[in-house]
Amino acid sequence: MDDAWSMLLIIVESGGWYAPVLFILFHIFRQFVFIPPAVVCIAGGLMFGIIPGIVYSLLGLSGASILFYFLMRQIPEMMNKLSRLKKRLVGRFRDLTVAQVALLRLVPVIHYQLLSFCLYERKSSFKDFMLASFLANVPFVIFYTIFGEYVGDFDSLTGLFLMIISLLFAYLLREKITFIKWREFFDRTT
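Each residue of the sequence shown is one higher than the one before, counting from 81 in the numbering used here.
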């Protein structure tokens, strides 16, 4: 295993300028091959170092957010599916704040694209969505790039404790007021 890891590092170091470009492109298209973004951020920190890994992962996830935004506009079936999933998991009349999304992204079992959809519903303009997505990605990228190699060393109890703390903070950062339109409240179709 150490030989394979050493060989990968040699390839990345000798890759020149196209190794980071391939990494960023991999970040953008990893959602189509169902690879969790946390795994890619961990790999970026290990291959490129902490600061370049953070920068490359932020660029890659920003590119993935751009692609997600335009796919939501082009594929309404995907939007409907994510909307039903959000209603089932988050609630019909609840919206997640950007801080909640940032914290929930730290929990590895929560669907990354669902959280992006929550941002998409909240921030419909491209500029607002990209800013919210970038802000929600910063803690995620920093955490998984810096502490990524240590996450695998946590025992089950420590991992469970961190997940519970993250979910508790997400609950505490929720919106305290929910506005429900009169006709939505009495809607009998859903």
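To be clear, the hints were calculated from the coordinates, so they are not data collected in a lab.
There's no promise every hint is true.
Said to hold, decoys possible - The calculated PhoX-like cross-link candidates involving lysine-lysine, where the alpha carbons are at most 20 Å apart (straight line), are:
hint, residue 1, residue 2
1, Lys207, Lys161
2, Lys167, Lys203
3, Lys166, Lys203
(request) Quickly compare the C-alpha distance for Lys167 and Lys203 to 20 Å and report which way the hint goes. (result) Holds, at roughly 17 Å.
(request) Mind checking the alpha carbons of Lys166 and Lys203 for me, to see if they're no more than 20 Å apart? (result) holds, 15 Å
(message) Next pair to validate is Lys207 with Lys161; report whether the Cα-Cα distance is within 20 Å.
(response) violated, 24 Å
Against the hints set out earlier in the document, a violation occurs for number 1 only.
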